[in-house]
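Participant: Chains as they are written, first to last, in our numbering: chain A, 4 to 192; chain B, 4 to 200; chain C, 2 to 177.
Worth flagging that the hints you see were computed from the coordinates, not collected in a lab. Because the structure is a prediction, the values reported are computed rather than measured. One should not assume that every hint holds.
Said to hold, decoys possible - Straight-line alpha carbon distances no greater than 30 Å define the calculated BS3-like cross-link-like pairs of lysine-lysine that follow:
#: 1; chain 1: A; residue 1: 90; chain 2: B; residue 2: 26
#: 2; chain 1: A; residue 1: 101; chain 2: B; residue 2: 18
#: 3; chain 1: B; residue 1: 58; chain 2: C; residue 2: 11
#: 4; chain 1: A; residue 1: 166; chain 2: B; residue 2: 119
#: 5; chain 1: B; residue 1: 26; chain 2: A; residue 2: 166
#: 6; chain 1: A; residue 1: 177; chain 2: B; residue 2: 186
#: 7; chain 1: B; residue 1: 176; chain 2: C; residue 2: 40
#: 8; chain 1: A; residue 1: 190; chain 2: B; residue 2: 189
#: 9; chain 1: C; residue 1: 153; chain 2: B; residue 2: 61
#: 10; chain 1: C; residue 1: 153; chain 2: C; residue 2: 173
#: 11; chain 1: A; residue 1: 109; chain 2: B; residue 2: 31
#: 12; chain 1: B; residue 1: 31; chain 2: A; residue 2: 184
#: 13; chain 1: A; residue 1: 101; chain 2: B; residue 2: 26
#: 14; chain 1: B; residue 1: 92; chain 2: A; residue 2: 101
#: 15; chain 1: B; residue 1: 58; chain 2: A; residue 2: 89
#: 16; chain 1: A; residue 1: 109; chain 2: B; residue 2: 58
#: 17; chain 1: A; residue 1: 13; chain 2: B; residue 2: 176
#: 18; chain 1: B; residue 1: 61; chain 2: A; residue 2: 166
#: 19; chain 1: A; residue 1: 101; chain 2: B; residue 2: 186
#: 20; chain 1: A; residue 1: 166; chain 2: B; residue 2: 186
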Amino acid sequence: MPQAVLVINKSGGLIYHRDFEEVEVEVEDRNKPSSNDLLILASTLHSTFAIASQLTPKAIQLQQQPLPNLVPYVPMIDPDNLVPRKKLGSFKGDDYFKEPFQNWNKSGIRSIKTDQFTVYIYQSLTGLKLVAMVSNRSDTINETVVNNLLRRIYCLYSDYVMKDPFYSLEMPIKSELFDTKLRNLVKQL
Amino acid sequence: MSSKSSGSAQLRSLKIMGEDVWKNRTEKVNAELFTLTYGSIVSQLCIDYQRDFQKVNKQLFSMGYNIGVRLIEDFLAKTALPRCENMVKTSEAISKCAFKIFLNMTPQVTNFSPEKDAFSLIIDENPLSDFVELPMDAMKQLWYSNILCGVLKGALQMVQLECDVWFISDVLKGDAHTELRIKLNKVLKDEIPIGED
Amino acid sequence: MPQYFAILGKSDNPVYEAEFTTQQGQQGQLQKGFPQHLKELNPFIMHASLDIIEDLQWKLNSNVQHGTNNSGFGSFLRSKNVNVTDNCYLGKVDHFYGLAITAYLTFSGMKFVMIHGNLDKNSTQVDDNAVKSFYQEVHELYIKTLMNPFYKINDPITSAAFDTRVRSLARKYLNK
């Protein structure tokens with residue numbers, strides 16, 4: 004289970020943030036980051052991403068065949084979702100997608116590993132960034148799993164945020180529905 | 004030779020993908036409910052703007068634009084398509100995937116300009132205009148399905164393609180085909196998200 | 002046989018009217034329509050029969066009261082001459098000096114009325130099956146017209162396509 008999920012809009016603004024408490028969370032004396040800290044974190048991540056993309060040597064970029072960009076499909080079907088079958092918004096069937104997919108993020112940062120946690124970044128073609136922070140203690144979660152999770156979150160975003168007629172673009176996401184669905188999705192991990 | 008064959012294979016796979024997403028991945032709504040809802044919106048707009056059809060066209064376009072800038076995320080979430088390198092690819096993605104997924108139709112792509120920056124979509128069976136007969140006074144000016152232009156404009160803009168989209172002809176006006184034109188003005192290079200290259 | 006056909010709205014306002022003539026345009030023969038004096042009288046004759054139609058509209062069918070009729074819907078519609086109640090066709094409702102008047106009621110209360118003229122004989126025979134089919138198909142056309150977002154209910158139908166289709170239906174069922 005990731006520790007946090009962030010959504011960053013195309014201009015680097017934080018529009019959504021959700022922490023997930025793990026059961027055996029290590030009691031530390033660190034304070035929770037304030038919302039201002041988070042905003043700074045998001046825009047820093049956004050700029051670092053851009054800088055890193057420039058630093059990626061051209062040789063590596065050119066070498067890359069479409070294959071390394073292909074993310075294999077990892078099933079993530081909630082057992083509660085099958086009986087009785089719940090609907091996945093505008094997505095028909097029991098999962099949001101069922102095939103391997105291309106990662107749009109080719110030269111930017113895909114993950115940052117620290118000694119305590121890893122940050123994974125998924126970027127859509129429109130410039131939206133989905134970020135997951137995963138504790139290093141969970142060894143079952145690797146980049147492929149997180150990319151699968153983040154694409155599913157992107158599917159949720161396309162349904163519950165973009166199709167909310169009262170949501171104005173690029174603004175913070177306050178949708179309860181999106182929040183609940185996202186929590187349920189993350190719980191499945 | 005090899006690049007050509009892989010290109011055509013990609014086009015075929017676009018078609019298959021569009022059909023797969025439409026068939027197995029998308030929830031449907033009743034077509035008549037959709038058609039009647041759109042119809043009542045247009046006719047209400049005609050009343051609200053006191054039959055000033057230029058204004059109605061404009062309003063439909065801007066409604067479509069607002070849909071397009073949102074709907075593109077849905078399209079990308081469902082298909083995870085890579086960026087199209089040129090307008091030829093874009094036209095295929097629009098007709099074989101986008102129209103297929105959202106409206107279950109595959110408009111014919113024709114009339115490419117010599118520079119390959121503009122093309123036409125021939126819409127054979129327009130689900131928006133089932134049952135519709137334009138009133139006499141609206142025949143000349145009203146583009147009944149103008150919302151489609153707005154949707155395409157908005158969606159393309161979100162993937163950094165600044166385009167003009169407009170109707171050339173409409174069967175509702177007595178033309179032989181319903182033809183929609185898309186012309187690329189420029190690629191918004193500065194706005195392409197960093198990291199794609 | 003010429004016919005005069007009209008659709009009337011809920012407040013008996015005319016929505017559509019047409020006159021069907023025999024042998025339309027065939028071999029340069031004269032079109033046999035209603036004589037001029039009847040033409041002018043037709044709307045009056047039709048309106049005169051409206052009372053009977055409205056009377057029939059709310060009459061309960063005696064079959065239904067015994068619970069033997071389980072045709073489902075439309076049981077409150079009653080026909081004067083036709084015992085079948087599972088449709089909106091009222092059959093021949095009235096006559097006027099040898100002219101027969103048939104009617105059909107949609108569930109929303111639109112009245113389809115037709116005057117069947119006669120030229121040679123003194124009494125008019127109405128082929129119920131053909132007339133019923135005609136009404137039903139016009140009903141479908143009418144529903145399609147209603148689906149047009151620019152058509153307002155109870156407004157006169159001006160669509161040329163509707164007119165052409167009704168006329169071709171008349172040729173098919175009434176003036177073979």
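Participant: For every hint, state whether the structure bears it out.
Facilitator: Evaluated hints:
| no. | hint | in the structure |
| --- | --- | --- |
| 1 | A/90 / B/26 | 16 Å, holds |
| 2 | A/101 / B/18 | 17 Å, holds |
| 3 | B/58 / C/11 | 34 Å, violated |
| 4 | A/166 / B/119 | 33 Å, violated |
| 5 | B/26 / A/166 | 21 Å, holds |
| 6 | A/177 / B/186 | 37 Å, violated |
| 7 | B/176 / C/40 | 36 Å, violated |
| 8 | A/190 / B/189 | 44 Å, violated |
| 9 | C/153 / B/61 | 24 Å, holds |
| 10 | C/153 / C/173 | 29 Å, holds |
| 11 | A/109 / B/31 | 34 Å, violated |
| 12 | B/31 / A/184 | 21 Å, holds |
| 13 | A/101 / B/26 | 13 Å, holds |
| 14 | B/92 / A/101 | 24 Å, holds |
| 15 | B/58 / A/89 | 43 Å, violated |
| 16 | A/109 / B/58 | 44 Å, violated |
| 17 | A/13 / B/176 | 41 Å, violated |
| 18 | B/61 / A/166 | 22 Å, holds |
| 19 | A/101 / B/186 | 34 Å, violated |
| 20 | A/166 / B/186 | 27 Å, holds |
Hints 3, 4, 6, 7, 8, 11, 15, 16, 17 and 19 from the earlier list are contradicted by this structure; the remaining hints agree with it.
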